[in-house]
Amino acid sequence: MIDPLVGRAIATAFALLWLLAAWHKVSAGERFAATLGEYRLLPATWTRPVARLLPFIEAVLGLAWLTGLAPGWIASLTAGLLGAYALAIAINLGRGRVHIGCGCGLGAAPGDDPALSWWLVARNLALGAVALAATLPSSQRELGLIDGLTLVFALLACVALYSGASQLLRNGAAIASWRKSRD
Amino acid sequence: MTDALLVSNLLLWCVVIVLAVVVLALARQVGVLHERVAPAGALMPTTGPKVGEQTVPSTYRSLDGSPVTVGGPDGEARATLVLWISPTCPVCKALVPTAVSMARAERLRLVFASDGEKLAQHQAYVGDLGIAAHPYVVSQALGLAYAVSKLPFAVLIGGDGVLRSKGLVNTREHLESLVESMQSGVLSLQDYVGITDAHRDASPKEQLS
Chain S
0 MIDPLVGRAI ATAFALLWLL AAWHKVSAGE RFAATLGEYR LLPATWTRPV
50 ARLLPFIEAV LGLAWLTGLA PGWIASLTAG LLGAYALAIA INLGRGRVHI
100 GCGCGLGAAP GDDPALSWWL VARNLALGAV ALAATLPSSQ RELGLIDGLT
150 LVFALLACVA LYSGASQLLR NGAAIASWRK SRD
Chain B
0 MTDALLVSNL LLWCVVIVLA VVVLALARQV GVLHERVAPA GALMPTTGPK
50 VGEQTVPSTY RSLDGSPVTV GGPDGEARAT LVLWISPTCP VCKALVPTAV
100 SMARAERLRL VFASDGEKLA QHQAYVGDLG IAAHPYVVSQ ALGLAYAVSK
150 LPFAVLIGGD GVLRSKGLVN TREHLESLVE SMQSGVLSLQ DYVGITDAHR
200 DASPKEQLS
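In the order they appear, the protein sequences are chains S and B. Just so we're aligned: 93 in numbering that gives the first Met the number 0 is position 94 of the first sequence, and the numbers increase by one with no gaps anywhere. Just so we're aligned: 164 in numbering that gives the first Met the number 0 is position 165 of the second sequence, and the numbers increase by one with no gaps anywhere.
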């Protein structure tokens, strides 16, 4: 049993995550298509249509989380998409293609995406698990003003921590690229 | 009692958010610091395809519309020098004539690469520099494929399609070192310094004894 507030917080956070992710992929469309091509998982002719389709799917998922329609399906789809991304990253890590950007930034950030690492795989799997947690049966109680405040504060804290974690991934990649230059 | 808990809870939330923002700011500062103090002499980035690897041929569209293939074995077995430049990079402008004359002297196939949205700006740039005779590719994909992060950047692909050398090039010496690296087999300046360091470490002991 989870508290309804927890479910609501997860839903709002994922809505925010998907909408920002979709915005990022649309705002730098050419760049994302090139990044997707660098993953070398799809036939070259598919890269462009898939690069257009992915942000669309993400935006639909984001809106669905907001509206709260078919929560079970949406949570499973979210976990599935995150799992697919994690698999794509893991395959490229296995091939040793660690230098490509992940294409997983949020918002209209002009900066670079973090380079691929096992941390990203772990992050996606953890996010997928959180999404699935939203499907657990929730207890019933009326949500009041305090719960609204808690929701807003929790979201603010999540946004700051998520950005901080992404920044640390970028720093980590920068440090790793120097260290290798010695051997 | 409930009031006290409520106040304490709100206060704690504020502290949590302020702390999270502070952590984010610290991480960003560390990131900026990394960019600022990046090793000044590190000519060869460690990301991207490695020297000695076979490159994969990819075809791009040049500024005048003709297809340009970069990577893979060359039909005439000529080495290819790809130089990334940009209208907004002052060092690049100074380096272009050097690259052109070097390509002629060493019989290299010279390809210029850049990226950006404004094609008219690139066309004017090509006209300014008088490099219309060489293919000029405006492609983000090409830059991503060789992990180009700083300009001017050059890669040298041998006639057999093997990546011979690459690096950040600021001067004629840097450009020449790429060709030198292909002919001598010493991968980079870092490698060369490594070899001479090892040599120096070994010699003083002999002098002492």
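Check before you lean on any hint, since a few could be wrong.
[To be verified] With a cut-off of at most 25 Å between alpha-carbon atoms, the simulated DMTMM-like pairs for lysine to aspartate or glutamate come out as follows:
{"#": "1", "chain 1": "B", "residue 1": "Lys149", "chain 2": "S", "residue 2": "Glu37"}
{"#": "2", "chain 1": "B", "residue 1": "Lys117", "chain 2": "S", "residue 2": "Glu29"}
{"#": "3", "chain 1": "B", "residue 1": "Lys117", "chain 2": "S", "residue 2": "Asp146"}
[Said to hold, decoys possible] Now the stretches of chain S that chain B is said to cover, found in silico as 3 or more residues with beta-carbon under 8 Å:
{"#": "4", "segment": "66–74"}
{"#": "5", "segment": "93–103"}
{"#": "6", "segment": "137–151"}
{"#": "7", "segment": "156–165"}
None of these hints come from the bench; they were simulated from the model. Glycine included, every Cβ here is placed at the ideal spot set by N, Cα and C.
Results of checking the hints against the structure:
Proximity of lysine 149 (chain B) to glutamate 37 (chain S) is assessed by CA-CA distance (about 19 Å); at most 25 Å being required, the pair is judged to hold. Proposed proximity of lysine 117 (chain B) and glutamate 29 (chain S) is supported: the alpha carbons are some 14 Å apart, at most 25 Å. With a CA separation close to 50 Å, the supplied pair lysine 117 (chain B) and aspartate 146 (chain S) exceeds the 25 Å bound. Coverage of the segment 66–74 of chain S by chain B is violated in this model, with 0 residues showing a Cβ closer than 8 Å to a Cβ of that chain against a need of three.
With 4 residues bearing a CB less than 8 Å from a CB of chain B, the segment 93–103 of chain S meets the requirement of three and the coverage assertion stands. Look at the segment 137–151 of chain S against chain B: 3 of its residues bring a Cβ nearer than 8 Å to a Cβ of that chain, three or more, so the hint holds. Coverage of the segment 156–165 of chain S by chain B holds [criterion: at least 3 residues with CB-CB distance below 8 Å; count 5].
Of the numbered hints stated above, those contradicted by the structure are hints 3, 4, listed in ascending order.
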